[in-house]
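Chemist: Each chain sits in its own coordinate frame; assemble them with the hints.
These protein sequence lines map, in sequence, to chains S and W.
Just so it is clear: in the first sequence, position 177 is 177 by our numbering, and no numbers are missing.
Just so it is clear: in the second sequence, position 224 is 224 by our numbering, and no numbers are missing.
Among the hints, erroneous ones may be present.
No more than 27 Å apart at the CA atoms, straight line, and that leaves these computed lysine-lysine pairs for DSS-like [to be verified]:
1) Lys124/S to Lys246/W
2) Lys32/W to Lys124/S
3) Lys216/S to Lys179/S
What the hints contain is simulated information worked out from the structure, not anything from laboratory work.
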Amino acid sequence: MTGAAVVVRGLHKHYGETRAVDGLDLQVESGEVFAVLGPNGAGKTTTVEILEGHRHRDSGEVSVLGVDPARADRNWRSRIGIVLQDAGDQAELTVSEVIRHFAEYYPTPRDADEVIDAVGLTEKAGTRTRQLSGGQRRRLDVALGIVGRPELLFLDEPTTGFDPEARRAFWELIRGLRKDGTTILLTTHYLDEAENLADRVAVIRDGRVLALDTPKNLGGRAASEATVRWIEDGTHRELATSAPTRVVSELTARLAGPSGEVSGLEVIRPSLEDVYLTLIGEPLPVAATKEDLS
Amino acid sequence: MTELSEKTVAAATVALPSTLRLGVARTRVELKQFFRSKDSMIFTFLFPVIMLMIFATVFSRQGDVGPGIPGGPISFGQYFLPGMVATGVMLTSFQSLAIQIPVERDDGALKRLRGTPMPSASYFLGKVGQVLVASVVQLALLFVVARVLFAIPLPTAPGAWLTFLWVFLLGTACGSVLGVAFSSIPSSGRSASAVVVPVVLVLQFISGVYFMYSDLPTWLQRVAEVFPLKWMAQGMRSVFFPDAFKAIEVRDSWEHPMTAVVLAAWLVLGLVVGIRTFRWTRRGDN
Chain S
1 MTGAAVVVRG LHKHYGETRA VDGLDLQVES GEVFAVLGPN GAGKTTTVEI LEGHRHRDSG
61 EVSVLGVDPA RADRNWRSRI GIVLQDAGDQ AELTVSEVIR HFAEYYPTPR DADEVIDAVG
121 LTEKAGTRTR QLSGGQRRRL DVALGIVGRP ELLFLDEPTT GFDPEARRAF WELIRGLRKD
181 GTTILLTTHY LDEAENLADR VAVIRDGRVL ALDTPKNLGG RAASEATVRW IEDGTHRELA
241 TSAPTRVVSE LTARLAGPSG EVSGLEVIRP SLEDVYLTLI GEPLPVAATK EDLS
Chain W
1 MTELSEKTVA AATVALPSTL RLGVARTRVE LKQFFRSKDS MIFTFLFPVI MLMIFATVFS
61 RQGDVGPGIP GGPISFGQYF LPGMVATGVM LTSFQSLAIQ IPVERDDGAL KRLRGTPMPS
121 ASYFLGKVGQ VLVASVVQLA LLFVVARVLF AIPLPTAPGA WLTFLWVFLL GTACGSVLGV
181 AFSSIPSSGR SASAVVVPVV LVLQFISGVY FMYSDLPTWL QRVAEVFPLK WMAQGMRSVF
241 FPDAFKAIEV RDSWEHPMTA VVLAAWLVLG LVVGIRTFRW TRRGDN
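Isolated chain W, as found in the complex (with noise of 0.2 Å):
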């Protein structure tokens, strides 16, 4: 060990890092965290590419989605492709922000972010440039499998990518707000993951992820349309599937303005909870 050097500075003369600094500065280390973690990398990032490949070339057999529909048919990778999309946003921003949480409140990593002048909105900023930058890697990397292994047209319109735009933006950013305020729910680190996982998964399988919507029980999909999985899977679909098949949707159409409803009110609504419940330390611990 050696000595510090005694150079002294005046603190008070020296402005404090900006709020927009840190907020990179935390985006680049989640980022680290991240990818060098093989729960996340296996379980969020390279879940729908996975299940991607395993559905493609399971049911490729089965033959193709929708012969009579203009445009149609399609095959059942391309069918499957939209719900691995919603699914890789709900996976990258809830439930990785649901169970991350949790865990830094246990292991102290809050605790200790607290006791030092960075901001509590870097904090937040850091959060969602993590699931900005994973989701659109997780996205790309998805699509490239699609397109090189399985030969899936990716849409080319440029309405259809618009479309995608704001159903991933608005979509990530519900699914962020919703994992913060989902996270003051397990009661330790080591819960988290088995409190997160089953919600996601009944979701997954409720919201025409894994199975064909209108394929659902009435009343299970009057369920489903209450959350907002159901409405980005659904607004992807309108990405990439041809516009006929619109038809094949419970009520004939896309949807369009009732999934940017849906996704707004859950956003709205978990920044309300969010706000109110987030906190730095373990419960009962202050």
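In isolation and in its complexed conformation, chain S is listed as follows (with noise of 0.2 Å):
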């Protein structure tokens, strides 16, 4: 599988005077893990929502596994696998009959058995639904969006409520997934999480994207300044510099004793937190505003 999973062009979503999704453009690789952070309210949901068929669009080209979305069939649902936000159903059938049963909706399923065990709910497989803890829920969703063998498979905030060793848990599965050759859309408030699974991030606020890039590189932030600290003379000493190799190379040839080491030495970058914020802190571009008020 080459080329694009998903291709977004000028996507628009307007509720009355809400602009949920307002010139939206993306594009997700196939075989990639693409992740969609932003604020609440930024259109994340809405986004996926089309592109998953559930929603429909005012305007804008949608193609996801070269199908439209709003005219999707039988053929293109067994593709795709779906993990909504929030679910509460099939509270009265138990782990094993509810993903044994969506697994008989796809043609080349997933063995049922093998992913339970994948999504870690082995133990709670005759459990019926409605007694499973929330983050026990959530695996089962996960469960049931994979088990058809999707080549596409949507995230929609998927770790929710999960304690860390589970999201740990859960983000092994998603690399085994990745791995299989599956692309995977995640929507996420997890900065953690982008950056721990993510091959690309977009940055969505006000329905349109900020920024996306690699998590590495997301708004500049592998080319933005480092700070340097390090003691000299008893004192903490602190530069800011775009080439920190540099830098702690001089230090090291001025400073380091015998023992090759530079006291207190340390080289911070902004984090992907650092980033992601002064990116939705931002006013909005010039342009954009002006397309507002036109």
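Modeler: Here is the structure:
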């Protein structure tokens, strides 16, 4: 599989006066994990639900696995997997029953027991779903999203309510799916999740993409100045530089004793969180503001 | 957690499962959920049996019905049975779907299904299967209780059972499509039973299920005649009463043709409205 799994050009979706999605462009390549970050109300869920075929768009071009989701058929639905944000359905069925049942919908499903095991619900297989904890329920949702062996998996805030251990296990699961060639589009509030999982990240605010890059480079993160800190003559020193490696080697030559160590040496790059907060805190670009007023 | 096996299959070359096969699969899970839910067990499935037991016990001392009519008199339990059959059909078809579907819409079940390759037709086949199986079991239980506990005679003539069959099938179909059509009225899953149950209750009271229909004021009879439950109850009376008892009907007749016409009209209306109004997502969620 090569080429783009998802192509979005100039997507608009308005609810009355509210522009939930306002000229959004993005492209998800086949086989990558693509994370959509953004504050509440940024348009993440609306966008993803348009891509899933759950919502209609007002305008713009959308292609998902080569098909317009507004004209989706059964064959297309068998190639995607969807993990919605909130669900408490099928309360009276057991974990195993729900997963086996949903597997029947697909032409080439995964083995139900394997899926149950993969999401760590083997011990809960015989439990009615209404008795599951929030995190277990969420893992069931993920299981139902992957049981059909999708080429493209949508995950809308998949790890909300997970404890740190379950989140790590979930990340492993996603990495495994990626290794199998599944394209994954996920929305998340958690920056560490995006940083750990995603090949590329889009930051969305006010229904449009503010930045789109690898987690390492997002918002010019790799190119931006690093801070070098060290201790010299008993005082803390700090230098902002675009060439931290050179600074460190100079410091080493000048200050390192026989041990080869520079006392208190630290090189600090802006975290993804710093970049993200800067991005979503920025005022709207001038051009966009003009468009809003016209 | 373990890794998923890397077996890759070309999806396009394998056929999607058939609509009918998935309809049967849906019926299975619908029935599991129906029989595991306490609400649907007590207020839908067992309700007619419980009511029959209460009424047949309480009113047994008030004497029999229709002493002067050939084939009569009949016990109060027997008088009450057809109304409970009609009620059972209405509860299991109309009430259960009109409550179940808004709940499924609200809790995301419908949206989840919409995101899978399951065809819509399979979903509705599953509902039909649920209603048919649940009501057949429900009525069988009602007949056993009537016969064994209250010695109520059941018809033996094939003609009576033929009437039962068409009234039952038409009534079930009518109740099911109306349940689907009505499911768009409650604004949320939580309010569904509060909206549906009073409608069902009022219909029961004016349709001759709990009272003798002929005892109702004429204007109320005219109102009830608009709705299907009155006709289902009357059709069932024609099955479980001696034929001469049509003398106690308002028009001295079982009015079979009219029963078929009214039920069929509601069936068509329900289909048209249901197809136009059914939605997989919550209101404002599109």
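Chemist: It remains to establish, for every hint, whether it holds in the given structure.
Modeler: Here is what the structure says about each hint:
1. Lys124/S to Lys246/W: Judged against 27 Å, a Cα distance of about 58 Å means the pair is violated.
2. Lys32/W to Lys124/S: Given that 27 Å is the threshold and the Cα spacing comes to 18 Å, the pair holds.
3. Lys216/S to Lys179/S: 21 Å, holds
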